[in-house]
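Counting from 0, one number per residue, gives the positions in the sequence shown under numbering that gives the first Met the number 0.
Calculated from the structure, these hints are not laboratory results.
The C-beta atom is built at its ideal place from N, Cα and C for all residues, glycine as well.
Each hint should be verified, as a subset may be incorrect.
Straight-line distance between alpha carbons at most 20 Å, and here's what the computed EDC-like set of lysine to aspartate or glutamate pairs gives [claimed, not checked]:
{"#": "1", "residue 1": "Lys104", "residue 2": "Glu116"}
{"#": "2", "residue 1": "Lys88", "residue 2": "Glu131"}
{"#": "3", "residue 1": "Lys126", "residue 2": "Asp110"}
Pairwise CB distance ranges (calculated) [unchecked claim]:
{"#": "4", "residue 1": "Leu119", "residue 2": "Ala41", "range": "11 to 21 Å"}
{"#": "5", "residue 1": "Ser24", "residue 2": "Glu131", "range": "28 to 38 Å"}
{"#": "6", "residue 1": "Asp124", "residue 2": "Val20", "range": "26 to 36 Å"}
{"#": "7", "residue 1": "Gln125", "residue 2": "Glu11", "range": "31 to 41 Å"}
{"#": "8", "residue 1": "Lys16", "residue 2": "Pro57", "range": "14 to 24 Å"}
{"#": "9", "residue 1": "Ile112", "residue 2": "Glu75", "range": "18 to 28 Å"}
{"#": "10", "residue 1": "Pro123", "residue 2": "Val58", "range": "29 to 39 Å"}
{"#": "11", "residue 1": "Asn91", "residue 2": "Gly26", "range": "31 to 41 Å"}
{"#": "12", "residue 1": "Ser106", "residue 2": "Ser12", "range": "11 to 21 Å"}
{"#": "13", "residue 1": "Arg69", "residue 2": "Thr4", "range": "11 to 21 Å"}
{"#": "14", "residue 1": "Thr4", "residue 2": "Ser34", "range": "15 to 25 Å"}
{"#": "15", "residue 1": "Gln105", "residue 2": "Asn138", "range": "15 to 25 Å"}
{"#": "16", "residue 1": "Leu46", "residue 2": "Val127", "range": "14 to 24 Å"}
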Amino acid sequence: MPARTIMLIEDESKMSKLYGVVLESKGYDVVSRGSIDEALTALDEALPDIIISDIMMPVINGIDGCRIIRERHGREVPILFVSALDDLKTINKAFDAGGDDYLTKQSSLEDVINRVELWLEVPPDQKVELTEKSRAAWN
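With the hints as constraints, model all of the structure from the sequences given.
Here is the structure:
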């Protein structure tokens, strides 16, 4: 079975490298993009199995980027936000934009890997329920 592909949208190169190295060590192919614009171009060519996105980025933030991704590509690909922002207003905006899950950057790398694995294993007919549970955990 070919490796699953993760698109990582993160403008901070240190964070991008850290997540990339850890996820690749778990056998994933990681496609890193430093902006939403770069990610949108890449998504028009090929869809990954999951997207991990930061929120605070220049030009187009991750929440607006999520909306654009959903408009162009639907809900097939899970979007997991990993952000330094932990206020409920931002978290709810992320879910409202079409995000499926939300972790803070204070979360351990193991937590991020566990969420990625969870989202890659969940059957399509259970994704909506899992998104609702993820959102409820914050509210």
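Hints versus structure:
1. Annotation: proposed proximity of Lys104 to Glu116 holds, straight-line Cα distance about 18 Å (limit 20 Å).
2. Between Lys88 and Glu131, the direct Cα distance comes to roughly 16 Å. Compliance with the 20 Å bound is thereby established for this hinted pair.
3. Between Lys126 and Asp110, the direct Cα distance comes to roughly 19 Å. Compliance with the 20 Å bound is thereby established for this hinted pair.
4. Remark: the range hint 11 to 21 Å for Leu119 to Ala41 is upheld by a beta-carbon distance near 19 Å.
5. A hinted range of 28 to 38 Å for the beta carbons of Ser24 and Glu131 is consistent with their spacing of about 32 Å.
6. A hinted range of 26 to 36 Å holds for the C-beta pair Asp124 and Val20, which are about 34 Å apart.
7. The hinted range of 31 to 41 Å is satisfied by Gln125 and Glu11, whose Cβ atoms lie roughly 33 Å apart.
8. In this structure the hint that Lys16 and Pro57 lie 14 to 24 Å apart at CB holds, the actual value being about 18 Å.
9. Between Ile112 and Glu75 the CB atoms are about 22 Å apart, so this pair conforms to the stated range of 18 to 28 Å.
10. The given range of 29 to 39 Å is respected by Pro123 and Val58, whose C-beta atoms sit roughly 32 Å from each other.
11. Under the hint 31 to 41 Å, the C-beta atoms of Asn91 and Gly26, about 33 Å apart, fit the expected range.
12. Taking the beta carbon of each, Ser106 and Ser12 are about 20 Å apart, inside 11 to 21 Å as hinted.
13. Taking 11 to 21 Å as the suggested C-beta distance range, the pair Arg69 and Thr4 conforms, at roughly 19 Å.
14. A C-beta distance of roughly 19 Å is found between Thr4 and Ser34, which places it inside the suggested range of 15 to 25 Å.
15. Restraint check, Gln105 to Asn138: a C-beta distance of roughly 19 Å satisfies the suggested window 15 to 25 Å.
16. Taking the beta carbon of each, Leu46 and Val127 are about 19 Å apart, inside 14 to 24 Å as hinted.
Consistency with the previously given hints is maintained throughout, with no hint failing.
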